[in-house]
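J.: Listed below, chain by chain, are the residues.
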Amino acid sequence: MTDQKIPVGSRQFLPRSAFEELFAALHKEGYSIVGPKVTDGAVRMQPIGSVAEMPQGIRDNQDGGFYRLEEGEPELWFEYVVGPNGPKEFFFPAQLPLFEFHVQGGRFDLDAGPPQVPKLAFLGVRPCELAAIDVQDRVFGRDDPGTFRCESEPWYLQIRQEALLIAVNCTRPGGTCFCASWGTGPEAAGGYDLALTELKDGFVVAVGSKRGAALAENLSLRAPSGAELELATLKMELAREHMGRQLETPDLKQLLNESIEFPEWDDVARRCLSCGNCTMVCPTCFCCTVSDGSDLSGQEITRTRFWESCFSHQFTYTIAGPERNTIRGRYRHWLRHKLCTWWDQFECSGCVGCGRCITWCPVGIDLTEEAQRLREGSTKHKKRLGVSHGE
Amino acid sequence: MPSAPPKVAVYKFSSCDGCQLQLLNLETKLLELVGAVEIAYFLEARRRVLPPPYDVGLVEGSVSTPEEEDRIQQVRRDCKYLVAIGACATSGGIQALRNWANVEEYARYVYAKPEYLSTLETASPVASHVFIDFELRGCPVNQYQLLELVSALLTGRKPNISTHSLCIECKRLGNTCVLVAQGKPCLGPITQVGCGALCPKFNRACYGCFGPMEQPNIPSLGQWFTERLGHTPRDMKRMLRLFNGYLEPFKQASEHYERKEKGG
Ligand code: SF4
Ligand code: SF4
Ligand code: SF4
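In the order they appear, the protein sequences are chains F and B.
So the first sequence is numbered by my numbering: it starts at 1 and just counts up by one.
So the second sequence is numbered by my numbering: it starts at 1 and just counts up by one.
There is no bait here: all hints are sound.
Covered, in the sense of this in silico footprint (three residues per stretch, anywhere, with C-beta under 8 Å from a C-beta of chain F), are these stretches of chain B: (1) 30-40; (2) 143-151; (3) 155-162; (4) 171-177; (5) 209-216; (6) 221-233.
In the EDC-like style, the derived pairs of lysine to aspartate or glutamate whose C-alpha atoms are separated by at most 16 Å in a straight line are: (7) B:K184 <-> F:D40; (8) B:K262 <-> B:D235; (9) B:K29 <-> F:E300; (10) F:K253 <-> F:E370.
If you're looking for bench data, these hints aren't it; they were derived computationally from the structure.
Quick reminder that beta carbons are idealized off the backbone N, C-alpha and C, glycines included.
Please model the complete structure; the sequences and the hints are all you need to start from.
T.: Next up, the structure:
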């Protein structure tokens with residue numbers, strides 16, 4: 001594509017009737033499409049083949065520990081917000097076989113062919129998820145000198161480089177969303193190939209990359225009218241003002257550093273189940289465990305990586321016992337990592353404001369409320385309490 | 001490889017045989033298993049019995065009769081490693097429900113000639129009687145966990161058996177949470193992982209058949225179920241007293257809800 005008519009950075013309009021062309025164009029380019037589909041009462045990102053599989057006229061009602069689908073505007077495809085999963089599980093699978101050994105005649109045979117990386121196009125990636133992908137890029141992929149990397153992740157890097165991201169801006173924020181507090185939404189700031197804003201008659205399409213522009217060449221686009229652009233902006237403005245949750249982000253790091261021994265932690269520890277759901281649904285959480293197995297003969301040995309959680313007691317188990325022995329210690333570690341120590345580690349926040357940990361917590365624990373409690377506590381506990389370790 | 005294959009014994013106490021059946025249900029893997037170990041004592045599967053000692057003993061069932069009380073002592077002496085398998089052996093099982101009732105009265109209702117019975121006041125887990133080296137939870141136990149246990153024992157490594165909540169596995173498998181999305185009283189957040197999240201996968205709430213997870217927070221989940229989902233203390237008691245009701249801390253919590261039910 002040397003002679004591109006559609007410039008990167010431009011905005012176009014895709015009529016609703018032509019939306020299906022997107023599927024044909026992606027298939028032509030050899031992409032498998034991962035998009036929204038209703039399964040078991042929730043909108044999940046999963047492989048889809050056509051627009052007919054997408055949720056239409058459906059919106060979600062989300063609150064702490066609560067998620068239900070309801071009827072929405074009949075023609076809209078993207079009135080729901082984020083569901084329980086997202087692109088993370090495709091880039092960083094919940095369970096990934098790393099290699100196999102075969103023991104033969106006293107020799108080890110390693111069987112670690114290069115992973116077969118699928119070419120995925122994600123349709124309906126929300127702005128907070130783009131921000132979360134950027135966070136995980138720092139964790140798994142980014143090679144810039146000076147930034148901390150956990151470890152180079154070949155699978156992550158390859159699948160991520162292949163992937164095409166079609167974002168959808170949020171015109172109706174969910175009940176637990178607070179991207180506006182972080183500035184990660186409701187409008188995608190970058191990191192996408194195309195970004196759509198849904199209006200009744202079609203989509204305002206922002207072209208974010210050369211790959212996006214090349215794809216756009218296959219679509220019946222037209223120039224958007226001034227009214228269409230204005231309406232799209234207005235809708236996102238309204239969304240920004242109607243976030244389900246809010247988080248006061250300034251000084252969070254300092255707040256979490258000074259609140260280590262606040263009694264507020266005891267209160268949340270009484271409610272937290274240490275079930276790990278929040279970490280499983282969080283689009284930035286990256287903890288995993290590597291588990292070795294052998295079969296009955298002892299000749300076939302496998303190594304598998306699984307998602308793990310800082311809420312699991314065994315996760316930090318060492319010869320000296322678990323690092324964090326109480327639910328109080330584990331919740332505190334989690335919240336402090338998300339809002340405070342993540343900055344030291346990756347120079348960014350570990351939270352992007354998607355609200356999933358609030359919705360999918362079985363008992364509705366809400367990090368925005370917990371942070372607010374600490375804030376109020378900090379004014380209350382005039383006396384600075386000492387910092388102690390070893391919980 | 002050691003010269004002689006390790007000898008394995010499978011014992012039955014008060015139980016339904018379901019856990020032993022999980023062994024037999026291993027099918028193709030069963031042949032591998034029979035090749036890797038010597039089945040020395042497994043009355044459900046073969047008549048031949050080799051004399052003790054055995055390297056590994058798997059015990060199914062709870063101890064609920066005077067005869068079993070004696071027999072478990074001998075079993076312990078006969079086995080190098082003793083593993084309790086299944087909810088009955090690890091918690092007392094469903095039959096432990098009688099521990100909150102009057103056994104004599106029960107017996108009169110159920111049996112025409114209760115005087116022929118010789119039974120203990122309680123049905124109790126194996127670990128209340130003898131030291132056990134490991135336990136596999138579940139009603140019934142999970143086949144893959146059984147295989148993992150035996151494979152690990154054979155190679156002398158630690159079995160990969162997690163003790164965290166079921167939720168972690170449920171999410172890894174990509175199920176949509178039935179508690180959050182359907183308001184069903186799922187015990188997953190306080191139940192130990194291991195079943196493959198079977199019930200949530202089929203849109204059912206977890207019954208807790210793998211028993212309490214490490215450090216479960218039952219009061220918090222109970223509060224959510226009663227205050228937000230409209231369940232009564234009686235419901236809570238019954239949910240906790242199913243397969244693992246007699247295992248702490250399910251036991252204590254169920255007794256708490258029983259007191260509340262009675263207006264305490
Ligand atoms: S905050 Fe909620 S989801 Fe997270 S571990 Fe605690 S109870 Fe589970
Ligand atoms: S911490 Fe919660 S709100 Fe923040 S990114 Fe993770 S799941 Fe979303
Ligand atoms: S369905 Fe049950 S086990 Fe699964 S995540 Fe929800 S509460 Fe946990």
